Every structure is written in C-alpha cells, then in structure tokens.
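Undergrad: What follows is the residue order along each chain.
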Amino acid sequence: MSDPDIANRMDQELARLIQACAARDRQALRQLYDLMSGQMLAGMLRILKRRALAEEALQDVFVSIWQRAGQFESARGPARIWLLAIARHRAIDVLRGERAELYREADVEQMPHSGMEGLGDWSSAGRSAAALARCFEELSGEQRRGIELAFVNGYSHADIARVTGEPLGTIKSWIRRGLASLRQCLER
Amino acid sequence: MKHDQPQLIDALAAEYVLGTLRGAARRRFERWQSAEWHIASRVRTWEGRLMPLALRLTPVAPSPEVWARIEERIRAADVARADAGRRAAARPGLRALAAALVLCAIFAGGYFAWHMTESLQLQTVATIKGEQGPVAWSIELDTRRERLRAVALAGVTAQPGHSFELWALQPGKAAPVSLGVLPNAGQLERVLTPAQRAALAIAAQVAVSLEPPGGSATGKPTGPVLFVAALNRA
Numbered sequence: 001m002s003d004p005d006i007a008n009r010m011d012q013e014l015a016r017l018i019q020a021c022a023a024r025d026r027q028a029l030r031q032l033y034d035l036m037s038g039q040m041l042a043g044m045l046r047i048l049k050r051r052a053l054a055e056e057a058l059q060d061v062f063v064s065i066w067q068r069a070g071q072f073e074s075a076r077g078p079a080r081i082w083l084l085a086i087a088r089h090r091a092i093d094v095l096r097g098e099r100a101e102l103y104r105e106a107d108v109e110q111m112p113h114s115g116m117e118g119l120g121d122w123s124s125a126g127r128s129a130a131a132l133a134r135c136f137e138e139l140s141g142e143q144r145r146g147i148e149l150a151f152v153n154g155y156s157h158a159d160i161a162r163v164t165g166e167p168l169g170t171i172k173s174w175i176r177r178g179l180a181s182l183r184q185c186l187e188r
Numbered sequence: 189m190k191h192d193q194p195q196l197i198d199a200l201a202a203e204y205v206l207g208t209l210r211g212a213a214r215r216r217f218e219r220w221q222s223a224e225w226h227i228a229s230r231v232r233t234w235e236g237r238l239m240p241l242a243l244r245l246t247p248v249a250p251s252p253e254v255w256a257r258i259e260e261r262i263r264a265a266d267v268a269r270a271d272a273g274r275r276a277a278a279r280p281g282l283r284a285l286a287a288a289l290v291l292c293a294i295f296a297g298g299y300f301a302w303h304m305t306e307s308l309q310l311q312t313v314a315t316i317k318g319e320q321g322p323v324a325w326s327i328e329l330d331t332r333r334e335r336l337r338a339v340a341l342a343g344v345t346a347q348p349g350h351s352f353e354l355w356a357l358q359p360g361k362a363a364p365v366s367l368g369v370l371p372n373a374g375q376l377e378r379v380l381t382p383a384q385r386a387a388l389a390i391a392a393q394v395a396v397s398l399e400p401p402g403g404s405a406t407g408k409p410t411g412p413v414l415f416v417a418a419l420n421r422a
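Which chain is which? The protein sequence lines are A and B, in order.
If you read the first sequence in our numbering, its first letter stands for residue 1, the second for the next number, and so on.
If you read the second sequence in our numbering, its first letter stands for residue 189, the second for the next number, and so on.
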C-alpha cells in the first residue's frame, strides 16, 4: 500500500473516532489519544520547550477535543490536520500566556535550534506533504529557514531575528515572501 | 480592519497558522475568524498547507499521568454540564413564558412590518465592488424582503466557464446560504425561498464566489470568494 493510502485510511479512522467522541464515547477519546498524543506532544514540546508545560497543554487539547468533537466536519479537511491544528494553536497560546511564566524556572529541555534538525522525512505525512516538500524546495534558503523556525520551534519574528542575527524587518519579509511563494506553488 | 481585502486576509491567516501573528493581533484575528465564515475558511486552507510539517517530528510518548488527568478533567466537565442541564430543565415554567413572549414579539413585529411596508418598492441593500474598481453589482430587495434583484454594472468582468454566485454570510461558523447566481450583464430578479429570507434576516454581509457555470453544485461555496460587502438594513 502506498503512503498516501495509509495517510488516507488513518484520517478516516480518526474521523470516525472524533464522531464517536461527539457521541460521548470515552473509549474513542482514549483511542484518539493512543494514535495522536505522541505526534502532538512532539510538536508542542518543540514550541514550549518544557515537558511539564507541554504535557499540561496536551491535557487542555484532549479536553478541548472532547468538548468540540461535534464541530468537526470531515468534508472540510483531513482529521489529522484538525487535531494537529488544535494542538498547535494551544501551544502558541500557552507560549505567551501566564502559565509559561510559572514554568520559567523549570528545566528547559535541550532542543535543536535549526528548525528541521532532527526531523524525519516527509513520507509518513501523505500526499499533501509531498506537495509541501516539493514547494519547500522552491523557496530560498532564508525563506525556508524562517518558516521552519516559526512553525517547528514556535519562534516569533523577534526570536528568529535573534537566532539568525538578521534585522527584524528582514525576517518579516523572508516569511511574508516565503508564505506567498508557498501559496503560489501549492495552488499550481 | 477592512473586510474586503482578500490578500490581506490570506496573509493574516497564513501568519496565524504559522504562529508569527502574536499578542493582541492574534486575539483580534481569532475573534474575527470565529465570527466570519470566509476567514475561518482561509485559516483551514493554511492549516492544510502547513500542518504536514508537524508530521515530520518523531512522536514523543506522554508520561502515564497525562491520560489520568485528562480522564479526571472530562469527568468533571461532563458532571458540570449535566448539572447545568438539570437546572435548566427544572424551570419549565420560565422557559414556556419566554417562548410565549418571543412568539408574541414575532407576531406583533410581523403585523407591524406588514402594515408599514405594503409598498413593494426595491431598495439597494448591498453594493458589491472591488477595493478600488467600479461597482460590479447592486443588490436590491423589496421592502418585505421577498424579492431580490441583482443589477450588473460596469465593474463586472465575466469569467468564461464560470458563474458568479451570491451568498448570505451567516453569523458564527454556520455555512453561508446561496442567494443564487449573479448576472454578468443586465439584471436578474427572483423570489426568495423561506430559507433564503431567514438567512438574509440574520446576515450582516453578502459575498460573491466564483463557481462552475450555473452555480455551486454542493450548496456551499466551492471557488474563491471574490467580494464581501456589508448588507444594509432596508
């Protein structure tokens, strides 16, 4: 079976589980957790850097999935995207929220700083990932680095300016132009 | 913030999903997308584009206590919800009274509306145009909001192989309701269905999307949203 087929079947199974959660099936939430919590935590940990903080945010995500499952519409997009988006938005919100302050003193896990360092390949992510991989190749090195640091490490424009040593305006323009090129390429 | 700048909206949606839209701007954008369907749809498109990046990370197993805490929290949330439901059910008298009052208001309102608006004159309720260009369509409704007339003006650039379709945007995340295909030239008049009238009654904006000839086959917009315009109360 090809990778896009696997990704597609995974999305169908996740969609079924989300619908079961909407019908208050707690076993379905547990199955969703088994399938997705590792992938979600990996992303949230990269953004939040502290394990205790990321795990608390992960709890928020599953409580939120339990409460919002009825809003999921499979016709509007793959289930995996819906689930990962909830996790990602939660991590970004926590990053600048009060809770991050409480954990400031806690141990900061050593995280790679170069965006995609330590990442697997694109193959497990299905057809949409293949298109994104191709379009990433068309970006300039700076645009790619800016977008990866923002997305994977959860860096703000100012954070990226700090780690790259480039002026803030330059970073904003890398990202703006990079996103515009990605859109153009993905719409082709 | 202007609502009729598709490029700006798309750029904001992209930076929101990327995570570089922060602070007050992020919160403002979240309120905006939860109120407006076409903005939420831009966000979903960008989530679909960028989220595969997150799938490249190697999964990290959470500590065992995380699931236990989630179970505790959803149990507490479900109990709170059931309590709220019981409290509401315990007041059937109040609810019946409220329903009766609403019905009275609807009948009284309807009667006055009927009296006040016997003339069926058409009034312009929306003017659809690009940011700078000339007006593309003028949308008119009769005073009873039963008939809709769309008049094509200088700003219409016909798109071969496509139709323009008009939508009543609904509050919250409800899907927009089609008000039919717009003319490329001249004018088109139609009697609105009850569903269209209900959708118009609560809509604050209308939108125009590019669709296959004859309009969207799915009942929802399928092509890009080209214009969004405010709907004036006639």
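Be aware that one or more of the hints could be misleading.
Facing chain A, according to a computed beta carbon distance under 10 Å, are these residues of chain B, among others [claimed, not checked]: (1) 219; (2) 243; (3) 250; (4) 262; (5) 312; (6) 331; (7) 333; (8) 334; (9) 400; (10) 401; (11) 403; (12) 404; (13) 411; (14) 414.
A short, non-exhaustive set of chain A residues, derived as facing chain B with CB atoms under 10 Å [unchecked claim]: (15) 29; (16) 42; (17) 81; (18) 155; (19) 167; (20) 170.
Hints listed in this document are in silico derivations from the structure and should not be mistaken for laboratory results.
All of these numbers come straight from a predicted model, not from anything done at the bench.
Heads up, the beta-carbon is just placed ideally off N, CA and C, and yes, glycines get one too.
Undergrad: State for each hint whether it applies.
TA: Do the hints match the structure? See the list:
Violation of the interface hint for residue 219/B is found here, the shortest Cβ-Cβ separation to chain A being roughly 14 Å, above the 10 Å cut-off. Against a cut-off of 10 Å between C-beta atoms, the interface hint on residue 243/B holds, since the closest Cβ of chain A lies about 4 Å away. Of the supplied interface hints, the one on residue 250/B holds, with its beta-carbon coming within about 5 Å of a beta-carbon of chain A, less than 10 Å. For residue 262/B, the interface hint holds, since its Cβ comes within 10 Å of a Cβ in chain A; the closest pair sits about 5 Å apart.
With 10 Å as the threshold, the beta carbon of residue 312/B stays out of range of chain A, its nearest partner Cβ sitting at about 34 Å, so the hint is violated. For residue 331/B, the suggested interface contact is broken, since its CB lies about 37 Å from the closest CB of chain A, more than 10 Å. Hint status for residue 333/B relative to chain A: violated, with the closest Cβ pair at about 30 Å, above 10 Å. A least Cβ separation of about 32 Å between residue 334/B and chain A goes past the 10 Å threshold, and the interface hint is therefore violated.
Taken as an interface hint, residue 400/B does not check out: its beta carbon lies about 18 Å from the nearest beta carbon of chain A, beyond 10 Å. Hint status for residue 401/B: violated, given a least beta-carbon distance of 22 Å to chain A, over 10 Å. At a threshold of 10 Å, the smallest CB-CB gap from residue 403/B to chain A is about 18 Å, leaving the interface hint violated. Interface hint status for residue 404/B: violated, as the beta-carbon distance to the closest one in chain A is roughly 13 Å, over 10 Å.
Hint on residue 411/B is violated. Least Cβ distance to chain A is approximately 12 Å, over the 10 Å limit. A least Cβ separation of about 15 Å between residue 414/B and chain A goes past the 10 Å threshold, and the interface hint is therefore violated. Against a cut-off of 10 Å between C-beta atoms, the interface hint on residue 29/A holds, since the closest Cβ of chain B lies about 7 Å away. Restraint check, residue 42/A versus chain B: the minimum CB separation of about 4 Å is within 10 Å; hint holds.
Because the closest C-beta pair between residue 81/A and chain B is about 5 Å apart, less than 10 Å, the hint holds. A distance limit of 10 Å between C-beta atoms decides the matter here; for residue 155/A the minimum to chain B is near 8 Å, and the interface restraint holds. Of the supplied interface hints, the one on residue 167/A is violated, with its beta-carbon coming no nearer than about 16 Å to a beta-carbon of chain B, more than 10 Å. The restraint placing residue 170/A at the interface with chain B is violated, with a minimum CB-CB distance near 14 Å, outside the 10 Å limit.
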